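Line order of the protein sequences matches chains A and B. Be aware that the first sequence starts at 105, since it is given in the working numbering, and climbs by one per residue. Be aware that the second sequence starts at 105, since it is given in the working numbering, and climbs by one per residue.
Note that these hints are calculated values from the structure, not bench results. Treat the hints with caution; some may be incorrect.
Repeated chains share a single entry, so a pair holds when one copy, or any two copies, can fit it.
Straight-line distance between alpha carbons at most 25 Å, and here's what the computed DMTMM-like set of lysine to aspartate or glutamate pairs gives [as the list claims (entries may be wrong)]:
hint, residue 1, residue 2
1, K175, E383
2, K207, D359
3, K163, E266
4, K207, E266
5, K163, D359
6, K163, E267
7, K171, D277
8, K175, E118
This structure is a prediction, so every number in the text was calculated from the model and none was measured.
2 protein chains.
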Amino acid sequence: MLAFLNGKFLPEAEAVVPVNDRGFMLGDGLFETMRVANGKAFRLTAHLERLARGAEFLKIHLPFDLKEIQKFMALLIEKNRLPEAVLRLTLTRGSGGRGYSAKNCGSPTLVMTLHRLPPADPGELRPWSLITSSHKISAGDRLANIKTSSKILNVLARAEAEERGADEALLLDSNGTIVETAGGNIFWIDRDAVGTVLTELSGLPGITRAVVMEICRTLGLAMNQRVITPEQLRQMEGVFITQSALGIIPVATFDGQPVPPSPRVRLIANAYDQLLQQECF
Amino acid sequence: MLAFLNGKFLPEAEAVVPVNDRGFMLGDGLFETMRVANGKAFRLTAHLERLARGAEFLKIHLPFDLKEIQKFMALLIEKNRLPEAVLRLTLTRGSGGRGYSAKNCGSPTLVMTLHRLPPADPGELRPWSLITSSHKISAGDRLANIKTSSKILNVLARAEAEERGADEALLLDSNGTIVETAGGNIFWIDRDAVGTVLTELSGLPGITRAVVMEICRTLGLAMNQRVITPEQLRQMEGVFITQSALGIIPVATFDGQPVPPSPRVRLIANAYDQLLQQECF
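I would like the entire structure built from these sequences, with the hints used as guidance.
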């Protein structure tokens with residue numbers, strides 16, 4: 105597989121960064137994960153806009169403009185002959201000195217790598233088991249809206265889920281209300297409405313979360329954004345997770361209890377697959 | 105300058121890691137920063153113990169035992185002929201697949217780099233100007249005790265200080281009480297006592313913080329650990345910051361107001377320099 109690194113296409117094994125790259129030393133960077141279908145990144149503009157917002161927040165200068173990045177991305181997919189894939193883009197502040205100060209940094213580092221899709225069709229994903237993580241997100245943290253590469257909390261929450269035999273972990277803030285999962289956003293069905301966490305409290309503004317809200321409007325499904333605790337989520341049916349790599353992932357169990365299924369989840373997952381086809385083919 | 109990378113000594117420019125190193129992708133690692141004097145790392149055992157505790161918490165297997173790391177460290181200092189320096193040690197989970205799961209990772213990555221001391225004698229550091237950061241640490245976050253390489257919050261807090269013409273940023277938790285600074289721990293003089301943040305609330309358990317507490321016991325200075333807000337800190341004199349690279353750094357101004365100096369700070373800084381000489385020479 106070829107990787108993209110700072111304007112060049114290299115065999116993945118040769119794509120290396122100096123040990124003084126601030127991404128490696130301090131998690132001083134950003135990333136985006138995109139679903140590639142038919143050689144095109146789904147919702148590319150939304151991902152690139154989020155990247156540009158993050159770069160502005162972190163004051164990292166994008167080494168290429170978004171149009172150029174888009175061209176490199178298309179080339180990477182083409183060169184690897186992998187039209188169905190997941191693409192990860194990483195942007196870091198580049199090489200720098202020891203310590204936190206971002207003064208005197210070199211040029212930013214831009215990496216893109218392509219990854220095979222999990223064996224099954226994403227639309228047919230095995231439902232996940234979800235547990236509540238013991239790790240907590242800082243309530244109202246401004247950084248929660250930025251997809252930085254300082255992701256140790258998410259790594260540990262996912263590891264905690266796996267240790268407990270589960271697939272994914274639900275993250276609460278320090279007030280005990282639900283924010284997101286280690287790798288996605290959370291939805292549920294509450295009587296007739298599709299529920300999700302209030303945008304202001306929902307952590308990272310997920311691109312797939314926005315797609316689901318769009319689908320609900322198109323299908324005329326009522327939406328209900330709210331503050332919710334794990335106890336309240338336990339009363340809901342049709343819980344599902346959204347993320348860019350895998351799309352819509354139904355939740356089978358939450359903290360060991362089965363989640364009652366809802367036909368609405370299949371409806372939304374089908375609409376998502378249709379949209380993906382429509383926009384990428 | 106030579107760097108140490110996974111058992112080898114390489115010119116720094118050749119010390120590179122794959123772009124799929126989890127340290128680079130997700131800040132999935134740990135680090136330690138040590139003051140090297142007379143070719144010896146000051147309080148080495150404390151640093152290595154904290155590293156080992158962190159590695160256990162993150163479930164990263166140390167690729168060498170602590171005795172071997174110590175030998176490599178001595179060799180690095182010797183080979184570079186830099187007996188007065190700052191040494192950074194970075195340990196990451198190594199290469200891994202896309203996504204948060206730490207399953208199927210390769211061998212951990214261990215890096216050590218040596219850095220020149222700032223021009224002035226650390227004992228004679230220019231006092232710093234300190235501001236209160238707008239970034240918040242999650243109150244009671246278990247991860248706050250682990251020196252992970254997911255340090256974007258500290259990077260942004262330091263950048264905020266520099267933008268406001270200051271040297272360092274004070275970090276509060278979401279309850280508004282002081283935790284630490286972007287790169288160290290905070291102390292002050294309160295009448296006759298040396299004050300610092302309660303251990304349970306003080307974020308990272310600083311090695312230099314522990315040294316200062318030891319010095320206070322030796323000198324017979326009263327200690328006062330407490331919960332403190334920026335408003336309360338403003339009433340104190342002799343505010344100073346502790347960190348492993350630079351030692352004791354007096355604070356000249358806090359949020360633009362001059363901090364009344366205290367002779368106790370010089371007393372503690374001198375005792376720190378003596379201890380460093382005593383243990384390393």
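Going through the hints against the structure:
Taking the shortest alpha-carbon separations for K175 and E383, only the intra-copy value of 18 Å comes in at or below 25 Å, while the best inter-copy value is 58 Å. Proximity of K207 to D359 under the C-alpha cut-off of 25 Å is restricted to the inter-copy arrangement: shortest distance 21 Å between copies versus 46 Å within a copy. In the homo-oligomer, the alpha carbons of K163 and E266 lie at most 25 Å apart only across protomers (13 Å), although the nearest pairing inside one protomer, at 35 Å, exceeds that limit. In this assembly of identical chains, the alpha carbons of K207 and E266 lie at most 25 Å apart only when taken from different copies (9 Å versus 39 Å within one copy).
Taking CA atoms no more than 25 Å apart as the test, K163 paired with D359 passes between copies only; the shortest distance there is 23 Å, against 40 Å inside one copy. For a Cα distance limit of 25 Å, the shortest separation of K163 from E267 across copies, 11 Å, qualifies, whereas the shortest one inside one copy, 37 Å, does not. Taking identical chains as interchangeable, the C-alpha atoms of K171 and D277 are never at most 25 Å apart, the minima being 37 Å within one chain and 40 Å between chains. For the homomeric pair K175 and E118, the shortest alpha-carbon distance inside one copy (22 Å) is at most 25 Å, but the shortest distance between copies (30 Å) is not.
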